[in-house]
Amino acid sequence: MKYKSQKVAYWFFALSMLLLVLQIVYGFIMGFAHMGFDGLHSIIPFNTARAVHINLLVVWLLSGFMGAAYYIIPEEAEIELVNVKLAYIQLITLALVGVTAIVGFHFNIWEGRKFLEIPRQLDWLVVVNVLTFLGIILTTLFKGKKRTTTSLVLTMGLVFAALLYLPGMIWFDNQTMDSFFRWWVVHLWVEGVWELIMGGILAFLLIKITGVDREVIEKWLYVIVGLTFISGILGTGHHYYYIGVGKVWLIVGGIFSALEPLAFLGMALFAIAMYRKGEKKHPNKIALNWTLGTAIVSFVGAGLLGLAHTLPQVNMYTHGTLVTAMHGHLAFWGAYGMIVLAFISYAMPNLTGRKLYDSNRGILAFWLSNIGMLGMTVAFGVAGVAQVYLERKVGIEFGEVQKEIQVHFFILVICATLFTTGISLFIYEFIKYGRPSDEALIVAADTNTTN
Amino acid sequence: MLSKSQARVFFLGGTIVTFAIFLGLSWNSLSREVPKRTHEKNLTAQVIRGKVLWEKNNCMGCHTILGEGAYYAPELTKVFERRGEGYMNAVLTSKIPWQPRGRKMVAYGFSTTDAADLIAFFKWIGEIDLNGFPPKPEFKK
Ligand code: HEM
Ligand code: HEM
Ligand SMILES: [Fe+2]
Numbered sequence: 114m115k116y117k118s119q120k121v122a123y124w125f126f127a128l129s130m131l132l133l134v135l136q137i138v139y140g141f142i143m144g145f146a147h148m149g150f151d152g153l154h155s156i157i158p159f160n161t162a163r164a165v166h167i168n169l170l171v172v173w174l175l176s177g178f179m180g181a182a183y184y185i186i187p188e189e190a191e192i193e194l195v196n197v198k199l200a201y202i203q204l205i206t207l208a209l210v211g212v213t214a215i216v217g218f219h220f221n222i223w224e225g226r227k228f229l230e231i232p233r234q235l236d237w238l239v240v241v242n243v244l245t246f247l248g249i250i251l252t253t254l255f256k257g258k259k260r261t262t263t264s265l266v267l268t269m270g271l272v273f274a275a276l277l278y279l280p281g282m283i284w285f286d287n288q289t290m291d292s293f294f295r296w297w298v299v300h301l302w303v304e305g306v307w308e309l310i311m312g313g314i315l316a317f318l319l320i321k322i323t324g325v326d327r328e329v330i331e332k333w334l335y336v337i338v339g340l341t342f343i344s345g346i347l348g349t350g351h352h353y354y355y356i357g358v359g360k361v362w363l364i365v366g367g368i369f370s371a372l373e374p375l376a377f378l379g380m381a382l383f384a385i386a387m388y389r390k391g392e393k394k395h396p397n398k399i400a401l402n403w404t405l406g407t408a409i410v411s412f413v414g415a416g417l418l419g420l421a422h423t424l425p426q427v428n429m430y431t432h433g434t435l436v437t438a439m440h441g442h443l444a445f446w447g448a449y450g451m452i453v454l455a456f457i458s459y460a461m462p463n464l465t466g467r468k469l470y471d472s473n474r475g476i477l478a479f480w481l482s483n484i485g486m487l488g489m490t491v492a493f494g495v496a497g498v499a500q501v502y503l504e505r506k507v508g509i510e511f512g513e514v515q516k517e518i519q520v521h522f523f524i525l526v527i528c529a530t531l532f533t534t535g536i537s538l539f540i541y542e543f544i545k546y547g548r549p550s551d552e553a554l555i556v557a558a559d560t561n562t563t564n
Numbered sequence: 017m018l019s020k021s022q023a024r025v026f027f028l029g030g031t032i033v034t035f036a037i038f039l040g041l042s043w044n045s046l047s048r049e050v051p052k053r054t055h056e057k058n059l060t061a062q063v064i065r066g067k068v069l070w071e072k073n074n075c076m077g078c079h080t081i082l083g084e085g086a087y088y089a090p091e092l093t094k095v096f097e098r099r100g101e102g103y104m105n106a107v108l109t110s111k112i113p114w115q116p117r118g119r120k121m122v123a124y125g126f127s128t129t130d131a132a133d134l135i136a137f138f139k140w141i142g143e144i145d146l147n148g149f150p151p152k153p154e155f156k157k
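Respectively, the protein sequence lines represent chains F and V. Under our numbering, residues 114 to 564 are what the first sequence spells out, in order. Under our numbering, residues 17 to 157 are what the second sequence spells out, in order.
Pulled out of the complex, with its shape left as it was, chain F reads as follows (with noise of 0.2 Å):
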């Protein structure tokens, strides 16, 4: 750690780890519900755990980014965050937010929109927060001695997530209009500018870890985030196939969503290059394991189970079924669960000044959690399968079929348990690394290579 005010990440990700915590036992109540074991249904629905679940993991990725963006721009523009105070408010209310709109759900108090279920009220508590953060970010980046095409891309990044929040919050009489422009943020964020943010992370990380030369990583991370938007914009076209817009979306959605795995694999390809041409053998092992394993995760999840159902031929009978989410689990984990829980193996070292970076459990943490998440794709993916061909081809009811496929969220859950196991040992981890402080300030500045 260079700059003092880069302590704040710390809280943020350790909010980050609370929240991920509390996905996973929503994840398993929807688990055991997909098994038939329902008894919370009165109290906890099914809707009820699936939008805690999936905003949850929203918001503990976006704190995640927060924290990285909060580490990463005072190193890159070589100056003390501009207002720390108000970056710790910003945390704090960022956690308020959250937490009412989790309790909201509980209650029926919610926008039955997947993934944009907070309520049109806390939506503008939502701009306040992230306009503080974006100021904090863009000012400090403004004042800085140096903006760096990392810095940059990362910034766009965040700049245009919050843009893109603004269609969810219109009101639409008509479904069709709903669906379309839902899109607009959710496509629109995972396979485009949240891409610019896992670029920027990516691209740092491997600054750090391997050595390479800072002008050659930042050429390639141009490359990748000109991929992601000349595929991923017009590649929005592979969710209106089928809600009631016109067939030139079938032909532009189509192509263009196939090229989509481009820029995954130019990713999973540039980290193993760079890693490949470092000469810097960097000691934090743990750090190396989850930036690799992030690209190429990544590439698996998103890239190849994205491209599996992604023509129109084959969404026709995937669309909206057990297949969508095999294809959700690995691509969120990979490309953003991942990304976040590499910065902070990689951060906690500078922050807190102890290096547990050789710990068998932390690499332990790495391939259970990874194990864990490849057994749950498998486990959706042959549910979906066994779903479709029944329920799309052969025409048996979905309630029949749901019961034949239970025995596949017994795996499911067996999966989930190896999957909880590692990031458990992930969090101990985090735990025992403690509080970040300013010693670490002065270790750093010793062995600055290290950094």
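Honestly, the hints are just simulated from the structure, not real lab data. Heads up, some of the hints might be wrong.
Unchecked claim - Below, simulated BS3-like cross-link-like pairs (lysine-lysine); rule was C-alpha separation at most 27 Å, straight line: (1) F/LYS506 with F/LYS516; (2) F/LYS393 with V/LYS20; (3) F/LYS360 with V/LYS111; (4) V/LYS152 with F/LYS516; (5) V/LYS94 with V/LYS52; (6) V/LYS120 with V/LYS72; (7) V/LYS111 with V/LYS72; (8) F/LYS516 with V/LYS20; (9) F/LYS332 with V/LYS20; (10) F/LYS321 with F/LYS393; (11) F/LYS321 with F/LYS259; (12) F/LYS227 with V/LYS139; (13) F/LYS360 with V/LYS152; (14) V/LYS20 with F/LYS256; (15) V/LYS139 with F/LYS506; (16) V/LYS94 with V/LYS152; (17) F/LYS506 with V/LYS152; (18) F/LYS360 with V/LYS52; (19) F/LYS259 with F/LYS198; (20) V/LYS72 with F/LYS198; (21) V/LYS94 with F/LYS360; (22) F/LYS516 with F/LYS227; (23) V/LYS120 with F/LYS516; (24) V/LYS20 with F/LYS227; (25) F/LYS506 with V/LYS20; (26) F/LYS115 with F/LYS332; (27) F/LYS259 with F/LYS117; (28) V/LYS20 with F/LYS258; (29) F/LYS390 with V/LYS20; (30) F/LYS321 with V/LYS20; (31) F/LYS394 with V/LYS20; (32) V/LYS152 with F/LYS227; (33) F/LYS321 with F/LYS390; (34) F/LYS516 with V/LYS111.
Dock chain V with the ligands against chain F, hints included.
Using the frame of chain F, we list chain V with the ligands on its own:
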């Protein structure tokens, strides 16, 4: 080899061009296709009240509609055609959880007017031109 500034041009240029095309196509869809394909003239106040209820109760948290939502309960795009008014009214007004095959729905116990609003909403949804979705099962006896 590609230089960094060329890479930046690729990024900015590609983004601007594809985004412009995207806006154009969107404009065309929303202004010309949607009114016809969704039969906007049938979008009555009752249908809109139905949509409000649909959102207020987060029905999409268990069901899918137009193929979007959750995978715990049946697709509802064509539910009006499949079940008809009487059945739907019974489900929506039930004061105990509806559970035809063991899986429970929330017991909303809607009033008959609310139920009628929701049914009107489903009827309107069912008439949208969806390019052939949901697919007709091929092997149905
Ligand atoms: C990190 C990137 C990605 C994430 C986090 C992600 C996540 C998701 C999620 C959560 C959904 C369900 C959304 C909803 O119904 O509201 C979804 C749907 C979909 N995704 Fe992705 N995705 C990613 C990348 C991709 C890519 C690169 C492709 C294509 C190559 C793709 C293809 C699709 C398709 C076709 C659907 C629609 C499924 C349906 O019709 O039900 N995704 N994705
Ligand atoms: C213990 C772990 C977990 C379990 C048991 C679990 C289970 C589930 C279940 C049963 C659903 C609902 C499917 C339906 O609508 O029927 C779901 C949705 C979802 N979960 Fe998880 N989950 C877990 C962890 C995670 C993690 C770690 C992530 C992200 C990194 C995640 C991301 C999602 C997403 C994006 C959806 C929405 C998918 C869609 O709409 O297509 N889950 N989860
Ligand atoms: Fe998409």
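Legend entry - Satisfaction of hint between V/LYS20 and F/LYS506, Cα-Cα up to 27 Å: Violated - the C-alpha atoms of V/LYS20 and F/LYS506 are around 51 Å apart, more than 27 Å.
Inset, instruction - For the pair supplied as a hint, V/LYS20 and F/LYS227, confirm whether the alpha-carbon distance does not exceed 27 Å. - result: violated, 39 Å
Legend entry - Straight-line alpha-carbon gap F/LYS227 to V/LYS139, limit 27 Å: holds, 22 Å
Inset, instruction - For the pair supplied as a hint, F/LYS516 and V/LYS20, confirm whether the alpha-carbon distance does not exceed 27 Å. - result: violated, 56 Å
Inset, instruction - Decide if the proposed pair is consistent with the structure: V/LYS139 and F/LYS506, CA atoms, cutoff 27 Å inclusive. - result: Holds, at about 25 Å.
Legend entry - Holds or violated: F/LYS332 to V/LYS20, with C-alpha atoms at most 27 Å apart: Holds: F/LYS332 and V/LYS20 sit about 5 Å apart, inside 27 Å.
Inset, instruction - For the pair supplied as a hint, F/LYS360 and V/LYS52, confirm whether the alpha-carbon distance does not exceed 27 Å. - result: Holds: F/LYS360 and V/LYS52 sit about 13 Å apart, inside 27 Å.
Legend entry - Pair hint F/LYS259 and F/LYS198, alpha-carbon separation not exceeding 27 Å: holds, 23 Å
Inset, instruction - Would you check the hint for V/LYS72 and F/LYS198, treating anything up to 27 Å between C-alpha atoms as holding? - result: violated, 38 Å
Inset, instruction - Would you check the hint for V/LYS94 and V/LYS152, treating anything up to 27 Å between C-alpha atoms as holding? - result: holds, 11 Å
Legend entry - Restraint status (C-alpha distance of V/LYS120 to F/LYS516 at most 27 Å): holds, 13 Å
Inset, instruction - Given the hint that F/LYS394 pairs with V/LYS20, test it: the Cα-Cα distance must not exceed 27 Å. - result: holds, 26 Å
The structure fails hints 3, 8, 20, 24 and 25 (numbered hints given earlier, in ascending order).
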